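J.: Chain residues, written in single-letter form:
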Amino acid sequence: MVQNSFRGCCLAGAKGRGPKLDRSSLKNLYSRIFKHKKALLGGVVALIGVDGLQLLVPQIFRKLIDALARGTADSTLVWRMGFSIVAIALGMAFFRFFWRIFIVGASRRLERDLRAEFYSHLQKLPAQYYDKTKVGDLMAHATNDINAVRMAAGMATIASFDALFMSVASVIMLLLIDWRLTLITMIPLPFITLLVTRFGRMLHDRFESVQKAFSGLTEKTQESFSGIRVIKAYGDEQSERKLLSEKAGKCVHENIRLTRIWGFMQPLVMGLAMMSSSILLMVGGRAVIGGSISLGQFVAFSSYLAMLTWPMMAIGWVVNLLQRGAASMGRLEKIMNIKPAIADGPVSDQPEPAIEVKGLSYTYPGTDAEVLSDISFSIPASSTVGIVGRTGSGKTTLVELLMRLYDPPAGTVFLDGVDVRQRELSKVRGLFGYVPQETFLFALSIADNISFGVDSLPLETVKHLAELAEIHSEIEGFSQGYETMVGERGITLSGGQKQRIAIARALAVSPSILVLDDSLSAIDTETESAILEKLKKEISGLTNILIAHRISTVQHADLILVLDHGKLVEKGTHTELLGKDGYYSELYRMQQLEEEVEKRTEGGDR
Amino acid sequence: MPPHGNSSFADDTIEGKGYDSKLVKRLLHYVRPHRRLIFLAMFFMLISSSVELLLPYVTKQGIDKYLARLYQVYTDTPAACDSLFNLEPAEGDFVFLSPDSLLIRKASMDGMDPAVSYLISSGGHLAQETYYLFPADRYEAETGRIQGDYWLVPEKDLGKVPPDKLMSIRGKDVAGITRLALVFMGLLLVSILAGYGHVMTLVVAGQRSMYDVRTELFNHIQTLSLNFFSKNPVGRLVTRVSNDVEALNEMFSAVLVNLVKDFLLVAGTITILLLMDWKLALISLSVLPVFTFISILFRRKTRTIYRKVRKHLAELNSTIAEDISGVKVIQIFRQEKARKQQYLEVNDNYYKISMKQLYVFGVFRPLIEVVAQVGTAIVLIYGGLSAISGALTIGALVAFISYVRQMFRPISDMSEKYNIMQSAMASSERIFNILDTEPEVTQSPDALPPLKLKGEVAFEKVDFRYEEDTPVLRDISFSIAPGKSIALVGPTGAGKSSIISLMTRFWDVDSGRILLDGTDIRDHSVDTLKNNTSIVLQDAFIFSRSVADNIRLSSNLSMEEVRRAADMVQATEFIDKLPHGFDTVMAERGATLSTGQKQLICFARALAHDPRILILDEATSNVDPTTEQLIQRAIDTLMEGRTSIIVAHRLSTIQKCDEILVIDAGRILERGTHQELLAKRGIYYNLYLLQWGNGK
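If you read the sequences in order, they're chains A and B. First residue of the first sequence? That's 1 in our numbering, and the numbers climb one at a time after it. First residue of the second sequence? That's 1 in our numbering, and the numbers climb one at a time after it.
Among the clues, some could well be false.
Below, computed lysine to aspartate or glutamate pairings styled on EDC-like, alpha-carbon distance capped at 20 Å [unchecked claim]:
1) B/K356 x A/D455
2) B/K337 x A/D455
3) A/K537 x A/E470
4) A/K534 x A/E460
5) A/K27 x A/D448
6) B/K308 x B/D348
7) A/K339 x B/E336
8) B/K337 x A/D74
9) B/K328 x A/D455
10) B/K352 x A/D113
11) B/K328 x A/D448
12) B/K340 x A/E117
13) B/K156 x A/D74
What follows is a list of derived Cβ distance ranges for each label pair [unchecked claim]:
14) B/S477 x A/K242: 35 to 45 Å
15) A/Q238 x B/V24: 27 to 37 Å
16) B/M559 x A/Q211: 31 to 41 Å
17) A/F83 x B/R307: 34 to 44 Å
18) B/R474 x A/S479: 26 to 36 Å
19) A/Q211 x B/V24: 41 to 51 Å
20) A/V168 x B/L28: 49 to 59 Å
21) A/K242 x B/R36: 20 to 30 Å
22) A/D564 x B/K680: 39 to 49 Å
23) B/L28 x A/Q211: 22 to 32 Å
24) A/K358 x B/R633: 39 to 49 Å
According to the in silico footprint, chain A covers these stretches of chain B (three or more CB under 8 Å from chain A) [stated by the list, open to error]:
25) 163-172
26) 330-338
27) 390-400
28) 513-524
Calculated directly from the structure, the hints in this document are not laboratory data. These numbers were taken from a predicted model, which means no experiment stands behind them. C-beta atoms are modelled at their ideal positions from N, C-alpha and C, and glycine is treated no differently.
Okay, chain A solo, but in the shape it has when bound:
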């Protein structure tokens, strides 16, 4: 039998539940389980071995007790029975080992494969999917849902076969002893199944509430401690205290609510099982007195009856596990059925870095508002283009469309004369070196972060790139230099440092077009112009697209685009645009004064 921690099993698993089994998801779940049919078969055989042997134990008791009661027992019989028990125990241990390895092992493999499949699918999903999905939600799928599927595949499979075999076999053994007695004593048992199914679900829900209350408490604590300076400055401790007490009180309340069911269920299941035993004592005792069954049979009967308790619980439990597993499978499928929206085009030749945008309008799928409307411009190879505009004016969307992170409408964006949608995706993206607005570095060493886009890079090259990005000397200053780890287990970099490493990373792929999306914002103007200067000098023929808030970043560009609410409102060189009394010249005036002071006094303080 497999009754390990019943409580744990009831409570573990994914969040949410379908009140009804989702047939197609369940089918899918089964087809995944049956992929491992060899292990499954081996496991079930071993399981039947365990159960079969287990059924023998009461027979031994019966034999011995009857022999004792009739006075026919002798020491050889006693010794034989004793050794049989040990032999059965060894046999059971042997089979137990195998069912666990076979079935649980199969569920672990299923889990591993599912994780791999889910991961590779996530990689293929377009950027727009990630815009509307929270990382936390996807993580919940990757952890809870996959766990629930594993539990359904492993524990639920074992428990259902075990319960099936054990209950059928035990009932047969009971019937063989006395069928009337069997029917009467079994009356309380189905209630166990009912109890576990019904309350198991409630238990699960309440457990969820406990977890929710707990994370509410954690969030509140997090907020209070993060805002401690404000709280102290305004003397707001009292109201924080009150809010925390509320959250902590909620935790207490939910835990007690959970216990109300949990604390009741265990004794009740036990009680129902024992109720069977007391019926046996009354009715079966009568039968022994009346001589219709022997005392040994009575004892054996009571053992078999006890064996029925677990399968009765297991049935209820399995139902819940399968429900949860199917619901989780359904959620995972929903994600895995999303088609990767951006596909390769047929044109596979290497394009020149010349971009032409004709009448580009763009609306994010599933939304109404146009983010870009009717934009046209061209970027000849080896030129530098600056894009300015307020937050939300569509600058980032524009460059992301150029790189086909999103799909532009057909016939609007051309690369070297061919619609980007007609080109092979890797050829398009291969042209670009991109430094995104929010600098994202991986938890790798600095060297590995710089050489992220290429297979491997000699350290000399990495250093050279870091020099171009004006970060080399700072990296050298770290105790582990280029091997310094980034992120939690390593160093905390400042915004400016991160941005410059990201610039080196973009240069590492030897791009034809370098896109800097407000990537110099945390770098002071002096360093900024040094970087831009170096790029111009060292990399000949590089096409640059610079998105910026600061005029100083774009003022030397061959072409400056000014976006406002998705429209291209101004276009020209720095001098041309200053001549017009538009957004650009207004921005210029405002920034002139402040920029230098900020630079001098701040130096990249974040």
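Fit chain B to the given chain A structure using the hints.
T.: This is chain B only, laid out in the frame that chain A set:
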């Protein structure tokens, strides 16, 4: 950076003692207020575990007393029989067959007074054959013999009596077993209710105690100085309040609920076994040391491997979280394959370690079971042999087997509880460490009563350092007349923010003084400070409460006052556009608001508190020009008529201040108005000049 989901237990080791009397003593302090509940719980537990212990014994009684009511014939001299009869242990145990022969109930031999059993064994003759005893008038010659008033049926011939007749002549036995079964059911009901009561009362007591620990801990942390917060990352402190207290709770619900009960069950079982037959008891307990040893070994092995599994799982999760967050970068750099390879590797490592865990379970779980079964076999063999010799009744043997089988579970559970105890001890130690930390900045016992200040601020030769040997501020002196303003200008790390922190008494000075209205800041009441100053920090901190409550904080400002404050910083326009206006509850950290909007709310907050002294750490973030103008105007409104200390970045703000301090490396290098400093042609002038030189 990617959210590493499992960072919270990174610093939480669970090594160490499983029991520490000092810690437990302190913990008990929190339990004491709920001691009535605990006593009640113990009472319930006592009932439910005694019932649990009693049940196999009830079955034994049923078998011996009613199902197998067997007698043996004892013959001796009439005088000896007479004197033995006077020692009858219980009604019906001894029956006179004839003056020189007694019937002795077989079941009563068990646990009989040693003096009586000595008399029996040393005196006359006890026949081995066992009989059922029925009244002589029911005799119908199926089997057995009549002797005196009784019809004796040999045990092995009972089957020869027709069943219906058996039922009627054994009516007493049937009634007896029925009665017993009813008692059994009654006990069961009591046991269910007591079991429920036990769990409920203990959980309630535990939850309430943990609530007390949690709120006390939180309140204590709030009183600690900022120095403490700068040394301890927020994540760690959160873990103390949430997870560490939860570990205590776990100890409460898992350990106290079950450990005591398990212990009682094992002790009770052993006692019952010893009372029933001490020799058999000792022999059947012989496997216990082996069993305990293997259980402990298993727990130790699983613990180490469990830790590895957790580590690998955390790595797996953080990898996927990182790659989800960085998916755009991966796609642009075409690194899908390489990252996937890496993920598959991590995934495979996790699979391998979890399989290893599976093997540990696969070997140990069955092994533990085998040892338990060997225990059963020993009882069976020794008990069986004793039963043959008549030293043990069948019912006792059955009871013995059930008791021994019952005993193993709590023992194997107890070793599991040890792990929980260990981590709870570690958690409580961490909690008490925090509770033992004293706040560094405290209100002096003879502080002045809360005052309304005019707003005069003076720093006199202030030195300050966060750590030994690294002075942050050196010899800082300046003063501001009520209603005047001062701008602090200088590079990062110059010490501007430290000046602000000292002003609010987040820290205390190392030497020198800070005077408010001529009185040392340390002699003022904490309330004076809070009622007269408002601080706006660079990081606009928004709480997840309604907008109005964010402005109000702990003060009891009316809705009109809140609205007026928002009006004055021109924040009403966007606030009214929120779904519920001022009642809109903010997302965590005000996530749905733009940076500029958050700043405006913070300005409204400061304004609403109408401080005499305004402390402002101007933010440098890039906001669009419209918001920029709003913020600029809001700052002007705020400064109006208040003593202001501003870490300034905008030239427009700097120019407006009555005095400018240029600070570098913790010293004041230049001071004066904008015009004066320009005329001085020093650092400030260079800053100012550079900006004009570059632009053109």
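J.: All hints, please: hold or fail.
T.: Hints and how they fare:
1. Note on B/K356 and A/D455: the hinted pairing is violated, with a Cα-Cα distance of about 33 Å set against a maximum of 20 Å.
2. Using a Cα cut-off of 20 Å, the hinted pair B/K337 and A/D455 holds, with the two alpha carbons roughly 11 Å apart.
3. With a C-alpha separation of about 14 Å, the suggested pair A/K537 and A/E470 falls inside the 20 Å cut-off, and the hint holds.
4. Taken as a hint, the A/K534 and A/E460 pair is honoured in the structure, with Cα atoms around 18 Å apart against an allowance of 20 Å.
5. For the hint pairing A/K27 with A/D448, the CA-to-CA distance comes to about 44 Å; that exceeds 20 Å, so the pair is violated.
6. A threshold of 20 Å between alpha carbons decides the hint, and for B/K308 with B/D348 the separation of about 14 Å falls inside it, so the pair holds.
7. Distance hint between A/K339 and B/E336 is fulfilled; the C-alpha atoms sit about 17 Å from each other, no more than 20 Å.
8. Annotation: proposed proximity of B/K337 to A/D74 is violated, straight-line Cα distance about 73 Å (limit 20 Å).
9. A C-alpha spacing of about 18 Å is found between B/K328 and A/D455, which places the hinted pair at or below 20 Å, so the restraint holds.
10. With a CA separation close to 13 Å, the supplied pair B/K352 and A/D113 stays within the 20 Å bound.
11. Restraint check for B/K328 and A/D448: the C-alpha separation of about 18 Å stays at or below 20 Å, so the hint holds.
12. Distance check on the hinted pair: B/K340 and A/E117 sit about 10 Å apart at the alpha-carbon level, within 20 Å; holds.
13. About 15 Å separates the Cα atoms of B/K156 and A/D74, which keeps this hinted pair within 20 Å; it holds.
14. For B/S477 paired with A/K242, a C-beta distance near 41 Å keeps the hint of 35 to 45 Å intact.
15. Between A/Q238 and B/V24 the CB atoms are about 33 Å apart, so this pair conforms to the stated range of 27 to 37 Å.
16. Remark: the range hint 31 to 41 Å for B/M559 to A/Q211 is upheld by a beta-carbon distance near 36 Å.
17. Between A/F83 and B/R307 the beta carbon distance is about 40 Å. The supplied range of 34 to 44 Å therefore holds.
18. Range check, B/R474 to A/S479: about 28 Å between beta-carbon atoms, so the 26 to 36 Å window is met.
19. At about 28 Å, the beta-carbon gap between A/Q211 and B/V24 misses the expected band of 41 to 51 Å.
20. Between A/V168 and B/L28 the C-beta distance comes to about 52 Å, which sits within the given range of 49 to 59 Å.
21. Our hint of 20 to 30 Å for A/K242 and B/R36 holds, since their Cβ atoms are close to 27 Å apart.
22. Distance hint for A/D564 and B/K680: a CB-CB separation of about 43 Å, consistent with the stated range 39 to 49 Å.
23. Take B/L28 and A/Q211: their Cβ atoms lie about 29 Å apart, and the range 22 to 32 Å holds.
24. As the Cβ distance of A/K358 to B/R633 is approximately 43 Å, the hint placing it in 39 to 49 Å holds.
25. Residues of the segment 163-172 of chain B lying with their CB closer than 8 Å to a CB of chain A number 5, which satisfies the three-residue condition for coverage.
26. Residues of the segment 330-338 of chain B lying with their CB closer than 8 Å to a CB of chain A number 8, which satisfies the three-residue condition for coverage.
27. With a cut-off of 8 Å between beta carbons, the segment 390-400 of chain B has 3 residues touching chain A; three or more are needed, and the interface restraint holds.
28. Proximity of the segment 513-524 of chain B to chain A, defined as three or more residues with a beta carbon under 8 Å from a beta carbon of that chain, is not established by the 0 residues found.
Consistency note: the structure conflicts with the earlier hints numbered 1, 5, 8, 19 and 28.
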